[in-house]
Every structure is written in structure tokens, then in C-alpha cells.
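> Listed here are the chains, written in short residue letters.
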Amino acid sequence: MFLSKIWFVLVGLLAGVAVTAAFVAPRPADRHIEQLEGQRMDRAQYAAEQMLKNDARRWIDYVAKLGTDGKLIDALDAATRGMSELRPLHESVRNRMRELVPDRAAIGVESIIAVDGKGRVVARVGDDEGEFGESIAGADVVADALRGYLSDDVWGAGNRLRRIGAAPVLSKSHDRIVGALVVAVETGKRLAEMWKQNLGVDVAIVLRKTVLSSTLAEALLTQLPDVIEDHAAEIASHKRTRALPIHMGNERMLVVAAPFAGEAAEQRAYYVLLTKKSPESNPWALLSSTSSDDLKWGKFPWLQLGGGLLAIVFIGLYLQRIEVENPLRRLRSELHSLARQEVQKIDDRRYDGKLGGIARDINATIEYYTHAPLPKSETAKKDISAILDAKAGAGDGRSFDVSHAALSKSPPLPAAMAASLFGTPRSAPGLAGGPPPVPMAPPPAPLAAPAPAAPYAVAVAPTPPVPAPSFLPIPVSASARPLAVPPSEAITPVVGSQDPDEAHFNQVFEEYRAVRQNCGESLAGLSLEKFVAKLRSNRDQLVAKYQCRTAHFSVYEKDGKAAIRALPVRD
Amino acid sequence: MIVLRSRRTLLPAAALALALGWQTPVQAAAVKGTVSLPPDLKTGRLLTGYWRVENTNVGVQNASLRGGTVVLLVGPQYQAIPPKSVAVEISGLQANPSTVVISEGSVVEFKNADKVAHDLSTPKQPQLMAPERLASGTVRKQRFGTAGEYLVRCAEYPHIVISVIVTSSPLFAVVEDKGGFKIPDVPEGHATLKVWSNGRWVHEQEVDVTSKGLDVALRVQGAALKENAE
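Quick note, the sequences are listed as chains A and B, same order. Numbering of the first sequence is given in our numbering, commencing with residue 1 and proceeding in unit increments. Numbering of the second sequence is given in our numbering, commencing with residue 1001 and proceeding in unit increments.
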């Protein structure tokens, strides 16, 4: 068993290493993939930032070019000088801007605002086209334009995000500023879709904890504003977040958020780039993501794997065979020989470990039953029926047929033991050899029939204290339960035979009759033949069970009734 | 007789002169000077986009300080000024004045003269002035009971920032567009000049005010500004 155990331990260790490797090995790959995905998101964010910057410059140049239109210059100059009513100027400027930008919606322009040199709105196209006359000179980008700067900004007013470009409008002589043009560009769904096409990642635009637009379903983005707010400090210091893994529905996403420039940064306006994260590389996920192509002969080492598994199994089976099955087979063979009395004991030196222990135990048991005296404890304070039949003896005082109990149970050892060991009931008369030879009990030949043949019943009664004998008697009560046994099945006493106990049986019968009479019990149905046959039967059973020479019966009175006790006699 | 008469006249006069001499307050003088702001503050624009380039034809003009720079003198004894009401009008998407210095308990009335609504609040002290929409043409009154500096911001137009400096000292002056300032009636002695601009203290300087007054040129350093901002 030693090698088998070692083998099982080795196989267990190998399995443990394999399982550990299956769970641990994907981790470095996961980290590498995460790193690559993070780098990809970094590049995407950088590209997005550059696109925003380029767009800003493009819109500044666009609006600066618009400001070179002669009609606009004249109208704004007139408005600045106050040379004309504002309304006619408003209409002429608005119409001119409509002519100059006919495809406003197509190019993503939400509105264009023309202001005079004082910052008053002269005209708008797009949003609030009818509104004019109010000052927006305080807006940074407008103030800058009126001072001569071309600049950009991002506005988040009205729960809308717009990229702003502004440029001064110079007089025709290019010596003074007569006004400014401001363009507001859509910063929502259109921008997100464009970025998704160019960057290959999903995009969401967030303003004041509200997702304004996204290329993903907004239902998935419910927790996104909170995630960004949690990283507000990081965004403030680094102008972006690192790639953040978050769960959106059933998806694992990687997210990078960065603030818009200008005023919108103060309004917590962010653009967020999102991409699906690679699935986790645990063994189950890896298995579920394999394809049939991965398991083809050329790609998967089926031969090595199968060979290895078969080798493991065969080695284990071989070790089991040489360490367990073969010794067991030998042991069974020896036990068969023992049962057939071909050997006196098992050669326990041939067996190791537990099998050796079993062999030694069997030898010790044989030794015990062939040499040791009958233990007192086995018969102490038991009546004869209990001695003859452990099952009956364990009863709780019920009446039973002593003949049946005695005759139907327990073949003598070691035959019973051998039978149980071989798994098949097998009668063994006893050991012919062995140190020293044991005289086996003679077969109960005189009994013509088994248990039901008893002419009377024997009641198990509490045993009175007995001073010295090693066996306790069985009280026999003739009046306990008469047995209705057909005469043909009755035990025929061996009258006049050579039974040495015949005289003793007759004496017991006489004593029994006398005691019954004294006790006032009926003598009807009590015959010598049946009585002697019963005593003989009980004697034979005791002799067979305890290998005693004979049994001695005595009559006594118990609870006002006659009873009989038996004492095995060994010598 | 003449001597006696002159004694009778001179002694009370001398005593009166002595008494008056003891009771006369310390000579007050004016502290004046100029404040030079670094370029990043002169632009008057804190929230910039990606680009801010000059046109190639017309020279750019300096930004107006819009009354956003204040010099405060800290240290000398002063007589506290009583609370009062101060009006700030928001018009053309800008607040005028953009900085107010008031005494404790004063009330600032914010009037929205724009066509659009403004959401005013003190984000750093939300318990003082919670966000509230100020519709066009309406006024919001806010009492400032505790000394300190407060920034009232508009959530819709973040460039609108109103600085409210609450102090009972009368020793302050609003810096003009050209950088000049004058604080009258400053008592003699050691004092500290502090400059507030663009929503924060940008300069601090120890000065000794004499009976003749003080003329000082305050040069705000960009580096100091950065440190202060941090």
C-alpha cells in the first residue's frame, strides 16, 4: 500500500499544481491585456484631445474668415458707430450670415452671433434668431475678440454643451475692431458619433452629473457620472483619469474621462471614452471562449495529454494490483485452505500492512478458540437457552422453544468464522490440526428433527444467584406453554441406549415430577421419554457449543414452580 | 502789573495748549500707489480654451480690471464702518462691480439686468448662499454677517465671479483700470498692504505709514500668485 499511497499523493499534488496553474497562469496575461487596453485608451484620449484642439482652431479660422465679409463689416461698423437703427442692421446681418453659411446644420454649427464693437448682439442665426440688442460683452471669448484675440471656449449654459470660436471683425481698412463673430458648434451626439468612428471607442458626454449624449444606451451609463465625480480630484490634477474598470450591466468597461476646456471645465463637463474590457481569464471563461479550432489535432497535444493520463491511471492500477489485489487474493486462498483444514494457520509473514494485521488477527482468533477456556463472562448468569443462543438469551423473558433455539443457531467455531470470512456458509467440523489439536464436538445425531420437535416449552426465567458454578442453569417450566407437537414429530428418546447420562436424566425426571407435585402443578402430559429427549437435546447443544464433555441438570423450585438448571461439565 | 497780567494769560493758555497736545490724535495720511499685475491676471480671463491668438492687423487692447482688484490695509487702528447695502448689477454677462468690500452685516443686492437667468451661489460656502435661479430683471439680497472673503459664482456662466470681502475696516481702495489706488486717512504706523485680484489674494507687503503718507508701487509676481493659488 505504501507505493499506492505515494502515487495517490503524487497525483494529488500534480492535480493541485495543475489547478493552481490554471487559475494563476492567466493573471500575468490579464495584467498585460489590461495594460495594453489602458494604453489604447490613453492614446484614444490623447487623440480626442487633439481633435478638440484642431476643431477649435478650425472654427476660429472659420469664423475669422466669415468676419472678412464686406457686408458684415459695414453693418457691424455702422452698429458700433451708432450710425443707423439696430433693427435694419440686425436683419441685414442675419440675412448675410444665412447666405454665407447655408449648410449650417450640416456642418454642425448651432448658431452664429454677430456683435458690434460694444458687445451688443446685432444678429444671430440658429438659436434665438429674433433676439438682438442685448450685450454679451462680458463673456470671456467675446471680450477677447473685441480686444483683438481669436480664441475658443466651451459653454455649458442651458444644459447644453457648445464649443465656441470667436474672432474680431476688423474694419475694411484693418485699423480698428468693429465687432466680433461667435460660432457655437454642436457638442453632443454628432461629436460622439464622429469620435466613435475615428477612435474606435464609445463616447459619452457628461455635464453636471448628467449624460448629455452617448454612443451607448444611456440606461447603461447610470453610474458613470458618479464614477467621474469620485475621480474629480484626479481629473483636476492630471486633466484626465487613468483607465478605470467599471461594470455597466453585464459588461466590464474601461473608462477614461477628461474635462472639456474653458468655462465648461468649471461646470463639470467631461467627455468619457469607453471600451469593452476583455473577459476575465479564469479557467471557466477561457474554456468557454475556446473554439473547435483550438482543439484540433494539430493545435492541441491530444496524444501527450491522453498518454499522460493513461500512464497515470495504469501506474495507479498496477500499484493497486501488486499491493492490494494480489495479497488479498493470496489471503483468500489461504483462508480457503484453512477452511478445508489443509493448513493450521495463515502465514501472516507474507502480508504487509493491514492485510498482515488481518492475517495475524485470524491466527490469534484460531489460537484463542482452540486453547483458551470458555470465558466465564460468556455464560455467567445466563440460562441454558441464552448460552446456546445469544439471540434468544438477549430476550426479555419471553417463553421460547429451547429445542428450536438451540438447534437452529451458531455452528461451532472456527467453522462459523471461516464461513463468515469466505462469505459463504460452510460447515466446518473443526480444525483437525493446529497447536494443539482440538477435539471437536460430535454431531447431534440422536436428534431426529430440529427445533419444533420439543414436547414442551422452556421459559426463560430470572436466574437465582448461584454460588460457584461457571455456567448458570436454565429454568425449565413445563407449565409455561404446552407445545402442540404431533406425535410423529416428537423426539424419540433413546431408551436403553448406551447413553452414560441416561441414569442422570431419569433421576432428574423423578426430581422434576416430585417438585411439580410439591408445587401443586399438574403432571398431565409429562412423560419420561419426552423429558429425557429434551434433556439430551439440551446437553448435546451445550456440548457442541462449548466443547464440554456433558451437562449436568438439577431441579429446583422457582416462583412456586418447578424449574431445571443445566451446568456444562468439561472434565 | 503787566507781568502779573501776562502770567494770568499765559498760564491758562499753556495749560490749554498742553491739554490739547495730549488729546490730538495721531496724524492721518494717505497711502497711495500703483498695482502692477502679471500678464495672466491682466488678461482678465481665467478659463481659457485651447487657443488665444492675436489678430495680425490691430494691436490687442488690455483687459479692463472691471473693478476686480482691491488693496486692503491691515494693521492700523480704525473706526469700524456700519453695515450698509451694496448693489451688484449683472449685465452683458458681467458683474459690475466684480469685487465689493463691505462691513460685517452688510447686504449685497444682486440684480440681474441680463436677458438670461443666472444661478448664483457661493460654492465653497453652500450654507451661506445656496444655488438659486435669478431670473432676468430680478434681485437677490444676501447678507454677509461674518468677516472673510466670499466668491459668488454663476453656475450657467462660470466667468461671472463676484468677490465679496467682508471687513469692518475702512482702509481699502479699489484699483483703477490704470492700476492706481488711494486709501485716505490712514493712521501712522506699521501696516500690511494686501492685494485682492481675480478672486484671491495675490500680493502682501509690509509698509510703514508716516505722517506724510506713503506712495508705494505694488508689483504682483506671477510666481507668488501661483503659490497663493496653490
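Rather than coming from a laboratory, the hints here were simulated on the basis of the structure. As the structure is a prediction and not an experimental result, all values here were calculated from the model. Warning: the hint list may mix true and false statements.
[What the hints assert, rightly or not] DMTMM-like cross-link-like pairs, simulated, lysine to aspartate or glutamate; straight-line CA separation at most 20 angstroms:
#: 1; chain 1: A; residue 1: K172; chain 2: A; residue 2: E131
#: 2; chain 1: A; residue 1: K172; chain 2: A; residue 2: D69
#: 3; chain 1: B; residue 1: K1182; chain 2: B; residue 2: D1208
#: 4; chain 1: B; residue 1: K1111; chain 2: A; residue 2: D69
#: 5; chain 1: B; residue 1: K1124; chain 2: A; residue 2: E193
#: 6; chain 1: A; residue 1: K53; chain 2: B; residue 2: D1208
#: 7; chain 1: A; residue 1: K118; chain 2: B; residue 2: E1054
#: 8; chain 1: A; residue 1: K209; chain 2: B; residue 2: D1177
#: 9; chain 1: B; residue 1: K1032; chain 2: B; residue 2: E1149
#: 10; chain 1: A; residue 1: K65; chain 2: B; residue 2: E1054
#: 11; chain 1: A; residue 1: K276; chain 2: A; residue 2: E367
#: 12; chain 1: B; residue 1: K1115; chain 2: A; residue 2: E99
#: 13; chain 1: A; residue 1: K172; chain 2: A; residue 2: E266
#: 14; chain 1: A; residue 1: K118; chain 2: B; residue 2: E1204
#: 15; chain 1: B; residue 1: K1115; chain 2: A; residue 2: D74
#: 16; chain 1: A; residue 1: K71; chain 2: A; residue 2: E99
#: 17; chain 1: A; residue 1: K172; chain 2: B; residue 2: E1054
#: 18; chain 1: A; residue 1: K209; chain 2: A; residue 2: E266
#: 19; chain 1: A; residue 1: K345; chain 2: A; residue 2: E367
#: 20; chain 1: A; residue 1: K209; chain 2: B; residue 2: E1132
#: 21; chain 1: A; residue 1: K172; chain 2: A; residue 2: D61
#: 22; chain 1: B; residue 1: K1115; chain 2: A; residue 2: E529
#: 23; chain 1: B; residue 1: K1084; chain 2: B; residue 2: D1177
#: 24; chain 1: A; residue 1: K239; chain 2: A; residue 2: E557
#: 25; chain 1: B; residue 1: K1115; chain 2: A; residue 2: E129
#: 26; chain 1: B; residue 1: K1124; chain 2: A; residue 2: E229
#: 27; chain 1: B; residue 1: K1178; chain 2: B; residue 2: E1188
#: 28; chain 1: A; residue 1: K561; chain 2: A; residue 2: D501
#: 29; chain 1: B; residue 1: K1124; chain 2: A; residue 2: D230
#: 30; chain 1: A; residue 1: K118; chain 2: B; residue 2: E1206
#: 31; chain 1: B; residue 1: K1115; chain 2: A; residue 2: D127
#: 32; chain 1: A; residue 1: K53; chain 2: A; residue 2: D226
> Would you mind marking each hint as holding or not holding in the structure?
Hint check:
1. At most 20 angstroms may separate the alpha-carbon atoms for a hinted pair to count; K172(A) and E131(A) exceed this at roughly 27 angstroms.
2. Of the pairs offered as hints, the one joining K172(A) and D69(A) holds, with about 9 angstroms between alpha carbons and a cut-off of 20 angstroms not exceeded.
3. A threshold of 20 angstroms between alpha carbons decides the hint, and for K1182(B) with D1208(B) the separation of about 15 angstroms falls inside it, so the pair holds.
4. Our distance criterion of 20 angstroms between C-alpha atoms is broken by K1111(B) and D69(A), whose separation comes to about 38 angstroms.
5. Annotation: proposed proximity of K1124(B) to E193(A) is violated, straight-line Cα distance about 37 angstroms (limit 20 angstroms).
6. For the proposed pair K53(A) and D1208(B), the alpha carbon gap of about 50 angstroms is over 20 angstroms, so the pair is violated.
7. Taken as a hint, the K118(A) and E1054(B) pair is honoured in the structure, with Cα atoms around 19 angstroms apart against an allowance of 20 angstroms.
8. For the suggested pair K209(A) and D1177(B), the alpha carbons sit about 39 angstroms apart, so the restraint of at most 20 angstroms is broken.
9. For the proposed pair K1032(B) and E1149(B), the alpha carbon gap of about 23 angstroms is over 20 angstroms, so the pair is violated.
10. Between K65(A) and E1054(B), the direct Cα distance comes to roughly 15 angstroms. Compliance with the 20 angstroms bound is thereby established for this hinted pair.
11. Between K276(A) and E367(A), the direct Cα distance comes to roughly 80 angstroms. Violation of the 20 angstroms bound is thereby established for this hinted pair.
12. About 28 angstroms separates the Cα atoms of K1115(B) and E99(A), which puts this hinted pair outside 20 angstroms; it is violated.
13. Among the hinted pairs, K172(A) with E266(A) is inconsistent with the structure: their alpha-carbon atoms are about 38 angstroms apart, more than 20 angstroms.
14. Simply put, K118(A) and E1204(B) have alpha-carbon atoms about 36 angstroms apart, too far for the 20 angstroms limit, and the pair is violated.
15. The hinted pair formed by K1115(B) and D74(A) fails the criterion: a straight-line CA distance of about 27 angstroms is larger than 20 angstroms.
16. The straight-line distance between the Cα atoms of K71(A) and E99(A) is roughly 11 angstroms, inside the 20 angstroms bound, and the hint therefore holds.
17. As the CA atoms of K172(A) and E1054(B) are separated by approximately 18 angstroms, the hinted pair is consistent with the 20 angstroms bound.
18. The straight-line distance between the Cα atoms of K209(A) and E266(A) is roughly 13 angstroms, inside the 20 angstroms bound, and the hint therefore holds.
19. A distance of roughly 9 angstroms separates the Cα atoms of K345(A) and E367(A); the hinted pair therefore holds under the 20 angstroms criterion.
20. Restraint check for K209(A) and E1132(B): the C-alpha separation of about 18 angstroms stays at or below 20 angstroms, so the hint holds.
21. Restraint check for K172(A) and D61(A): satisfied, since their Cα atoms lie roughly 18 angstroms apart, inside the 20 angstroms limit.
22. At most 20 angstroms may separate the alpha-carbon atoms for a hinted pair to count; K1115(B) and E529(A) exceed this at roughly 138 angstroms.
23. Annotation: proposed proximity of K1084(B) to D1177(B) is violated, straight-line Cα distance about 26 angstroms (limit 20 angstroms).
24. Note on K239(A) and E557(A): the hinted pairing is violated, with a Cα-Cα distance of about 113 angstroms set against a maximum of 20 angstroms.
25. Only pairs whose Cα atoms come within 20 angstroms are accepted, and K1115(B) paired with E129(A) is accepted, the gap being roughly 14 angstroms.
26. Distance check on the hinted pair: K1124(B) and E229(A) sit about 17 angstroms apart at the alpha-carbon level, within 20 angstroms; holds.
27. For a cut-off of 20 angstroms, the pair hint linking K1178(B) to E1188(B) is broken: about 27 angstroms separates their Cα positions.
28. At roughly 25 angstroms between alpha-carbon atoms, K561(A) and D501(A) are farther apart than 20 angstroms, so this suggested pair is violated.
29. As the CA atoms of K1124(B) and D230(A) are separated by approximately 18 angstroms, the hinted pair is consistent with the 20 angstroms bound.
30. Between K118(A) and E1206(B) the CA atoms are separated by roughly 41 angstroms; this puts the pair beyond 20 angstroms, and the hint is violated.
31. Of the pairs offered as hints, the one joining K1115(B) and D127(A) holds, with about 14 angstroms between alpha carbons and a cut-off of 20 angstroms not exceeded.
32. The suggested pairing of K53(A) with D226(A) is violated, with an alpha-carbon distance near 27 angstroms, which exceeds 20 angstroms.
The structure shown violates the earlier hints numbered 1, 4, 5, 6, 8, 9, 11, 12, 13, 14, 15, 22, 23, 24, 27, 28, 30, 32.
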